[in-house]
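J.: Spelled out from the first residue to the last, the chains are:
There are 6 protein chains.
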Amino acid sequence: MDRLIEKANVLIEALPYIREFWGKTVVVKYGGAAMIDERLRQSTAEDIVLMKYVGMNPIVVHGGGPSINEMLKKLGITPQFSPQGLRITDDKTISVVEMVLSGVVNKDIVALINRVGGHAVGISGKDGGLLYAVKKYADDGTDIGQVGRITKVETKVIQVLCESGFIPVVAPLATDEFGGVWNINADTVAGDIASAMRAEKLVFLTDTPGLLRDPSNPETLIHQLPSNEVQRLKEEKIISGGMIPKIESCLKALDHGVRKTHIIDGRIPHSLLLEIFTREGLGTLVYLS
Amino acid sequence: MDRLIEKANVLIEALPYIREFWGKTVVVKYGGAAMIDERLRQSTAEDIVLMKYVGMNPIVVHGGGPSINEMLKKLGITPQFSPQGLRITDDKTISVVEMVLSGVVNKDIVALINRVGGHAVGISGKDGGLLYAVKKYADDGTDIGQVGRITKVETKVIQVLCESGFIPVVAPLATDEFGGVWNINADTVAGDIASAMRAEKLVFLTDTPGLLRDPSNPETLIHQLPSNEVQRLKEEKIISGGMIPKIESCLKALDHGVRKTHIIDGRIPHSLLLEIFTREGLGTLVYLS
Amino acid sequence: MDRLIEKANVLIEALPYIREFWGKTVVVKYGGAAMIDERLRQSTAEDIVLMKYVGMNPIVVHGGGPSINEMLKKLGITPQFSPQGLRITDDKTISVVEMVLSGVVNKDIVALINRVGGHAVGISGKDGGLLYAVKKYADDGTDIGQVGRITKVETKVIQVLCESGFIPVVAPLATDEFGGVWNINADTVAGDIASAMRAEKLVFLTDTPGLLRDPSNPETLIHQLPSNEVQRLKEEKIISGGMIPKIESCLKALDHGVRKTHIIDGRIPHSLLLEIFTREGLGTLVYLS
Amino acid sequence: MDRLIEKANVLIEALPYIREFWGKTVVVKYGGAAMIDERLRQSTAEDIVLMKYVGMNPIVVHGGGPSINEMLKKLGITPQFSPQGLRITDDKTISVVEMVLSGVVNKDIVALINRVGGHAVGISGKDGGLLYAVKKYADDGTDIGQVGRITKVETKVIQVLCESGFIPVVAPLATDEFGGVWNINADTVAGDIASAMRAEKLVFLTDTPGLLRDPSNPETLIHQLPSNEVQRLKEEKIISGGMIPKIESCLKALDHGVRKTHIIDGRIPHSLLLEIFTREGLGTLVYLS
Amino acid sequence: MDRLIEKANVLIEALPYIREFWGKTVVVKYGGAAMIDERLRQSTAEDIVLMKYVGMNPIVVHGGGPSINEMLKKLGITPQFSPQGLRITDDKTISVVEMVLSGVVNKDIVALINRVGGHAVGISGKDGGLLYAVKKYADDGTDIGQVGRITKVETKVIQVLCESGFIPVVAPLATDEFGGVWNINADTVAGDIASAMRAEKLVFLTDTPGLLRDPSNPETLIHQLPSNEVQRLKEEKIISGGMIPKIESCLKALDHGVRKTHIIDGRIPHSLLLEIFTREGLGTLVYLS
Amino acid sequence: MDRLIEKANVLIEALPYIREFWGKTVVVKYGGAAMIDERLRQSTAEDIVLMKYVGMNPIVVHGGGPSINEMLKKLGITPQFSPQGLRITDDKTISVVEMVLSGVVNKDIVALINRVGGHAVGISGKDGGLLYAVKKYADDGTDIGQVGRITKVETKVIQVLCESGFIPVVAPLATDEFGGVWNINADTVAGDIASAMRAEKLVFLTDTPGLLRDPSNPETLIHQLPSNEVQRLKEEKIISGGMIPKIESCLKALDHGVRKTHIIDGRIPHSLLLEIFTREGLGTLVYLS
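Line by line, the protein sequences are chains A, B, C, D, E and F. Residue 1 is where the first sequence starts when you use the numbering used here, and the numbers rise one by one after that. Residue 1 is where the second sequence starts when you use the numbering used here, and the numbers rise one by one after that. Residue 1 is where the third sequence starts when you use the numbering used here, and the numbers rise one by one after that. Residue 1 is where the fourth sequence starts when you use the numbering used here, and the numbers rise one by one after that. Residue 1 is where the fifth sequence starts when you use the numbering used here, and the numbers rise one by one after that. Residue 1 is where the sixth sequence starts when you use the numbering used here, and the numbers rise one by one after that.
Treat the hints loosely; a few may be bogus.
For each label pair, taking beta carbons as the anchor points, the in silico distance ranges come out as [as the list claims (entries may be wrong)]:
| no. | chain 1 | residue 1 | chain 2 | residue 2 | range |
| --- | --- | --- | --- | --- | --- |
| 1 | D | Thr142 | E | Ile5 | 52 to 62 Å |
| 2 | D | Tyr287 | C | Gly257 | 23 to 33 Å |
| 3 | A | Ser227 | C | Gly257 | 49 to 59 Å |
| 4 | E | Arg3 | A | Gly55 | 54 to 64 Å |
| 5 | C | His256 | E | Glu236 | 26 to 36 Å |
| 6 | D | Thr142 | E | Gly55 | 40 to 50 Å |
| 7 | B | Gln42 | C | Lys92 | 17 to 27 Å |
| 8 | C | Phe178 | A | Pro226 | 30 to 40 Å |
| 9 | A | Gly23 | C | Asp214 | 24 to 34 Å |
| 10 | D | Gly55 | C | Gly257 | 44 to 54 Å |
| 11 | A | Pro226 | B | Glu6 | 25 to 35 Å |
As a list, the in silico EDC-like pairs of lysine to aspartate or glutamate whose alpha-carbon atoms are at most 20 Å apart [said to hold, decoys possible]:
| no. | chain 1 | residue 1 | chain 2 | residue 2 |
| --- | --- | --- | --- | --- |
| 12 | B | Lys156 | D | Glu20 |
| 13 | C | Lys74 | B | Asp90 |
| 14 | F | Lys136 | F | Glu163 |
| 15 | C | Lys73 | B | Glu70 |
Here's a subset of chain E near chain D, in silico, CB distances under 7 Å, partners left out [to be verified]:
| no. | residue |
| --- | --- |
| 16 | Met99 |
| 17 | Arg115 |
| 18 | Val121 |
| 19 | Ala138 |
| 20 | Cys162 |
| 21 | Ile222 |
| 22 | Ser240 |
Just so you know, these hints were derived from the structure itself, not from any lab. C-beta: ideal position from N, C-alpha, C; glycine also.
The task is simple: from the sequences and hints, build the whole structure.
T.: Right, here's the structure in full:
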């Protein structure tokens with residue numbers, strides 16, 4: 001009986017957070033280990049479904065993980081690189097990217113969520129004209145193929161699905177007026193959708209404990225990062241590599257009215273739930289200074 | 001961190017129950033120790049608010065507890081009894097009953113729920129014409145005063161409050177076409193409201209572990225009671241005393257489409273939550289055989 | 001037949017007023033003789049129900065009348081006074097105040113209105129978090145106990161009830177974040193609710209013909225009082241005593257967008273109806289100058 | 001002041017009727033003196049507007065009065081008669097009938113109602129496909145021209161107008177699938193619309209006190225006529241002439257769910273109001289036996 | 001089969017226009033040959049009904065055509081003229097004007113539209129208080145009778161009808177607070193309704209190819225007229241006579257947010273459809289420069 | 001100009017069909033040449049978008065065409081066959097089937113429709129739990145792998161999309177309670193969705209002129225096939241091969257309330273439009289006898 005009461009207490013502890021986030025939108029960038037490890041996949045799906053049932057509106061944006069490269073390899077497509085070493089998404093590649101993102105990864109997440117009791121609907125940025133993009137060139141002007149920059153987010157299809165009890169799962173592809181397809185960085189898609197939906201939270205599930213001063217030392221986790229310190233940390237190379245699009249998506253989202261943005265450790269089971277339902281939170285909170 | 005993950009697991013365990021009861025109505029007859037002991041009061045209020053936030057529609061019906069007798073005593077009103085020993089609710093008494101139920105107990109529960117984050121609205125069966133009654137005589141025909149039998153339940157005021165995010169708290173008084181006031185057994189009110197609302201569950205918070213074969217031995221708890229065994233248990237005097245109106249309210253509610261009825265031990269903290277969010281459940285389940 | 005046609009003419013005379021006030025909110029501070037005299041009680045209730053049926057949204061706010069003092073006396077609670085002669089609402093007293101306001105007076109008015117065909121729902125400022133307050137000290141800084149000053153009016157519960165065809169009847173009590181209970185001047189409550197609801201009218205039912213230049217001479221009634229003359233009349237002591245909270249509530253309500261405020265003679269049968277449905281009006285109109 | 005209170009009492013007397021008819025539909029066949037005498041025109045319009053403002057849904061159906069014959073005469077169109085003496089509505093005549101009904105009488109009533117504060121919208125049975133008809137022959141098979149029998153009532157246009165706060169005023173013309181126009185007896189139109197709308201009441205404003213046993217003696221008014229006595233009264237020639245289509249429309253309407261049908265004296269000012277807002281009522285009530 | 005595919009191609013060509021105008025309001029001033037010639041009448045009605053079915057909200061405003069003069073003549077009413085030669089709409093005349101507009105022309109158009117499958121509802125500016133007017137004097141101050149200038153457009157009745165699937169057909173008459181009736185230039189009514197409805201388009205069906213530099217030479221059609229050239233063309237007398245109220249209504253409508261205004265040749269079958277569903281368009285487009 | 005008027009006439013000819021199908025649901029099984037030939041792809045997409053804009057609710061169900069086999073070949077997966085020669089959809093194969101259906105074909109159709117102005121949203125039967133299935137064995141009991149039989153159609157996601165202006169495009173895959181994926185015959189999916197939606201029409205786009213008595217002779221087209229003749233034609237082997245699932249889906253859909261089912265020649269440009277907007281229709285109509 002004591003164990004039962006203990007359980008009840010845990011539920012009750014969640015009450016203030018349930019109240020706080022009731023009716024709010026949370027965009028989750030789903031990727032890394034949480035997308036590969038079977039136990040983490042299960043726990044993340046449960047977290048998302050619980051969020052929906054306690055009144056929040058979760059929206060999932062995913063990347064492609066290793067599946068795209070595997071498929072490219074299987075199909076014998078050799079990656080092309082620019083003289084500067086940038087990968088070029090040529091026409092053959094973009095076809096495989098879309099096929100894997102929309103036809104494998106996306107539907108796999110849908111199945112995962114539905115199996116634990118949610119009602120997910122998997123779409124890409126092409127569906128309902130959700131994301132429009134134009135060609136994006138590398139910083140040095142190189143043509144890197146079908147890589148795009150988002151120019152418009154038409155949230156209607158997402159809103160309609162959220163309001164009808166569904167959990168939208170979005171593959172990071174955009175379209176244009178000619179029906180073309182563009183590959184977009186998934187972190188950027190998550191940030192742009194969070195902005196357009198004026199989400200309460202934007203959460204990146206990553207394979208790090210958050211932003212670390214010293215990447216080799218988890219103890220150096222920066223728990224809270226005001227937006228006006230980002231520039232300095234970039235100059236100090238503390239923000240670098242894959243952290244850059246994440247942090248920039250955070251800043252852009254904050255600018256567009258998103259309340260809080262988080263970079264958390266997807267390798268911890270139920271990290272999403274813990275971030276939302278405990279006072280301490282997990283990982284790094286980036287907030288408007 | 002392990003402790004945190006443990007917590008997350010508890011929340012996730014609740015998921016199937018949250019899904020099952022989403023949008024369902026649960027009528028709680030609130031009374032006994034859960035209404036007196038400060039810690040139990042707090043835990044019950046938390047349970048009710050949590051139920052609301054995870055999508056259920058709790059409705060609270062309360063009795064008067066010892067407050068009525070205290071006030072009668074303070075005001076020097078001597079209880080009247082019929083030759084057969086039945087208490088008579090004369091005009092002076094009914095005034096005090098209404099004053100204490102509507103003005104003390106009801107508002108006290110409202111404050112309790114609101115303090116833990118709910119939005120309770122306290123009404124009596126007079127408000128919005130919720131409960132209409134006619135005079136009820138004792139079994140032997142004795143006039144026992146302003147004690148009534150419910151003839152109509154107009155659920156509109158309750159429904160409007162539930163749909164607007166409020167938790168209705170109902171004092172067990174009824175009115176009539178002349179604006180009179182009638183005292184009604186709170187167990188009966190809970191059952192009749194559950195019937196009229198076609199509630200999913202009707203739960204009685206009591207000061208016993210449930211229905212016991214041997215009242216002195218908690219080990220003899222009857223976990224599940226099919227409705228067709230009630231008559232026999234009454235004849236064997238296993239169902240007797242205060243259990244009678246509870247069990248009868250259960251039967252009537254089951255007849256009117258309520259899915260499950262429960263008699264649980266309000267002396268256990270969070271008993272309400274445990275009944276709803278664990279497979280084993282607590283106390284006695286009375287169900288349609 | 002002539003008498004019948006005469007009757008029809010009276011109904012037709014009301015037509016322009018019915019049109020004018022269709023869909024508008026009117027807050028009625030109910031008190032004084034209109035709350036005690038049986039004939040006046042009946043006529044006032046009829047007026048309120050008629051207002052509802054011809055398309056207006058009446059909201060009733062009541063005081064406690066002599067009932068509180070009677071009950072304090074019956075319970076042997078001696079009133080406490082500050083050195084300056086102010087009554088102190090100590091903990092024992094506030095319990096009785098709430099019990100009588102919410103459990104006797106409020107439900108009595110509900111029964112009265114429902115008996116003549118309305119659908120009243122009685123609540124206090126605690127219900128649905130309608131009124132929040134903080135402690136108010138006497139002008140000289142004396143602690144006068146559980147007497148509060150309103151800090152927030154959450155009109156949702158009232159709006160929901162009005163829109164669903166009910167007539168809200170409000171007892172002048174407020175709550176705070178700790179679930180406490182505060183006694184508030186009923187005139188102030190009426191004014192604050194009228195402000196928050198952006199009511200069309202705020203009407204005080206009093207035991208005077210209105211604001212009199214010479215209190216002993218009804219002929220000196222001030223029919224119309226522009227708000228910018230209030231200060232002068234206060235200095236001349238023409239506005240004094242119980243008139244002060246009424247006039248101040250009028251001014252505050254006018255500042256918050258209430259169109260017209262009235263102080264009328266509740267001792268005249270159907271004074272409410274006459275104020276609304278005749279060109280002359282009754283009592284004193286206080287308006288924004 | 002006494003006179004004022006007297007007025008208030010009249011308003012209050014109307015309360016039970018206002019309650020009873022709130023939200024109900026009343027079809028008024030407007031004709032006779034009430035359509036000609038300026039004072040009666042005004043009082044009838046006021047009655048209709050009051051009905052709307054106290055929550056009823058009045059629908060007005062009118063005939064043509066003497067205006068049609070005047071215009072026919074002015075235009076030099078000689079009435080045609082069948083050998084049996086029936087008037088024949090030939091093509092020239094129907095054009096004038098429509099012109100006068102839709103362009104003079106209908107718009108005149110609209111102006112009348114709007115002038116006293118209503119929002120009338122004048123249509124004919126052609127508008128929105130309200131009334132469809134086929135040719136009707138005289139009882140002896142004679143072709144009497146563009147006189148029709150209603151085959152379908154499409155209430156949508158009326159319902160939309162009622163729900164949006166308008167008072168529909170209907171000219172008794174019908175259409176057919178070829179866009180033709182048919183003249184229909186206005187009493188029949190009123191009855192058929194009342195049936196299709198499942199109205200609460202159908203009221204005929206006439207130039208008699210109601211159905212009289214002896215047409216020359218108003219004292220012989222039949223106050224209440226059960227439907228099963230109609231046949232006998234027809235055989236006794238007590239129901240004859242213009243009373244026949246009225247009584248038959250009453251019977252048909254009663255058969256289709258209209259609750260009460262009335263034949264009242266439109267020559268009495270505010271007869272409509274008096275019928276609805278007094279217990280005695282006016283004229284003859286025809287009800288389902 | 002080729003002929004069928006050709007047909008399909010025509011439908012498909014219309015697709016971009018259908019998309020562009022979906023949900024938009026188009027006010028059509030209906031007059032001239034399109035109102036008289038049987039084939040043109042039919043084709044115009046078909047155009048309007050098609051517009052409705054492909055998602056637009058057409059509103060038809062009509063003039064009186066020659067019917068008014070015919071009727072005045074039949075009734076022996078001699079037209080009155082002012083010393084300056086202006087026709088005077090005296091009381092007798094306005095009665096005939098209203099009778100013919102509301103009772104003949106309006107209902108005739110309703111029948112026409114309904115015959116080809118639409119759901120038209122014919123009203124005048126009196127209905128639902130759509131148009132209010134005050135007396136308008138000639139430029140030289142002459143009293144020309146019941147000719148009015150619009151002071152208010154209450155679009156509710158039109159909006160309600162459009163939203164419910166009906167096509168409003170409006171006769172150019174206005175009312176005033178006394179229930180009076182005023183004759184208004186139909187072009188002006190069309191423009192004022194387009195303004196009040198913030199229509200997408202205002203289209204005048206005329207008996208010319210559009211605005212011609214040389215009225216005798218259709219080749220001199222001005223295809224596009226920016227609003228800032230109107231004044232010059234007026235001075236050059238290129239805009240003169242009946243073109244003046246049309247062009248002025250266009251300018252006023254453009255000022256009030258109407259997107260495009262057109263003067264087209266109603267003598268061409270389906271000119272309305274061609275204007276809307278072909279890139280070239282017909283007649284003269286007047287647009288905001 | 002004549003050419004323009006000719007065009008207008010074609011639009012007008014479509015009016016009765018637009019009226020007839022306004023608000024109706026049409027399920028289109030998209031496949032064959034219409035999915036491969038670029039000109040036919042374009043014309044079919046235009047037809048579907050036009051249907052949406054003129055008020056119908058088109059739902060597209062597609063098969064996989066040759067894309068699946070191509071990809072299987074590219075990936076070096078050798079098709080497996082049962083001893084009886086049935087293809088076996090093993091785990092590797094179903095992964096490719098889903099990847100190609102959801103990630104290539106589905107998104108390709110979405111892009112196609114959006115490019116011509118529609119708002120398509122591509123989903124599979126897994127999304128929103130649209131289609132649930134259980135394993136289906138070959139007629140002789142052979143295990144043919146992940147081939148399923150539909151057990152439940154949850155239309156909510158489709159309905160929500162249709163009502164919000166989107167065109168659902170559905171890949172023929174189903175899920176089960178374990179999150180599995182099942183391949184379903186696309187004709188069957190189209191029929192089951194048409195049944196569940198109580199569609200007005202179910203149209204199969206095929207590579208034949210319809211059902212032919214003699215497959216080698218298009219002149220032997222059966223224009224209309226009453227459902228009670230199907231059995232005989234099957235026995236005569238006139239219905240055979242790929243026609244069987246189509247005809248059976250037609251029969252099942254007719255049984256579930258679909259009004260008309262069609263098998264038409266997708267090789268004719270705009271065949272969909274022609275079937276809907278011409279009296280003759282195309283191909284074979286199967287109807288309930």
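J.: Hints first: check each against the structure and report whether it holds.
T.: So, going through the hints one by one against the coordinates:
Remark: the range hint 52 to 62 Å for Thr142 of chain D to Ile5 of chain E is upheld by a beta-carbon distance near 56 Å. Between Tyr287 of chain D and Gly257 of chain C the beta carbons are some 50 Å apart, a value that contradicts the proposed interval 23 to 33 Å. In this structure the supplied range 49 to 59 Å is violated for Ser227 of chain A paired with Gly257 of chain C, their Cβ-Cβ distance being about 39 Å. In this structure the supplied range 54 to 64 Å holds for Arg3 of chain E paired with Gly55 of chain A, their Cβ-Cβ distance being about 59 Å.
Checked against the given bound of 26 to 36 Å, the beta carbons of His256 of chain C and Glu236 of chain E, roughly 59 Å apart, lie outside it. For the pair Thr142 of chain D and Gly55 of chain E, the beta carbons lie near 49 Å from each other, so the given range of 40 to 50 Å is met. In this structure, Gln42 of chain B and Lys92 of chain C meet the distance hint of 17 to 27 Å, their C-beta atoms being roughly 24 Å apart. Between Phe178 of chain C and Pro226 of chain A the beta carbons are some 33 Å apart, a value that agrees with the proposed interval 30 to 40 Å.
Between Gly23 of chain A and Asp214 of chain C the beta carbon distance is about 59 Å. The supplied range of 24 to 34 Å is therefore violated. The given range of 44 to 54 Å is broken by Gly55 of chain D and Gly257 of chain C, whose C-beta atoms sit roughly 27 Å from each other. A hinted range of 25 to 35 Å for the beta carbons of Pro226 of chain A and Glu6 of chain B is consistent with their spacing of about 32 Å. Distance hint between Lys156 of chain B and Glu20 of chain D is fulfilled; the C-alpha atoms sit about 19 Å from each other, no more than 20 Å.
A C-alpha spacing of about 19 Å is found between Lys74 of chain C and Asp90 of chain B, which places the hinted pair at or below 20 Å, so the restraint holds. Among the hinted pairs, Lys136 of chain F with Glu163 of chain F is inconsistent with the structure: their alpha-carbon atoms are about 33 Å apart, more than 20 Å. Restraint check: the Cα-Cα separation between Lys73 of chain C and Glu70 of chain B comes to about 17 Å, which is no more than 20 Å; the hinted pair holds. Among the interface hints, the one on Met99 of chain E holds; its C-beta lies about 4 Å from the nearest C-beta in chain D, closer than the 7 Å criterion.
Evaluation of the Arg115 of chain E hint against chain D yields a held restraint, the C-beta minimum of about 4 Å falling below 7 Å. Hint status for Val121 of chain E relative to chain D: holds, with the closest Cβ pair at about 4 Å, below 7 Å. With its C-beta approaching chain D no nearer than about 26 Å, Ala138 of chain E sits outside the 7 Å limit, and its interface hint is violated. For the restraint placing Cys162 of chain E at the interface with chain D, the shortest Cβ-Cβ distance is roughly 11 Å, beyond the 7 Å limit, so the hint is violated.
A hinted interface residue such as Ile222 of chain E counts as satisfied when its beta carbon comes closer than 7 Å to some beta carbon of chain D; here the least separation is about 38 Å, so the hint is violated. A distance limit of 7 Å between C-beta atoms decides the matter here; for Ser240 of chain E the minimum to chain D is near 33 Å, and the interface restraint is violated.
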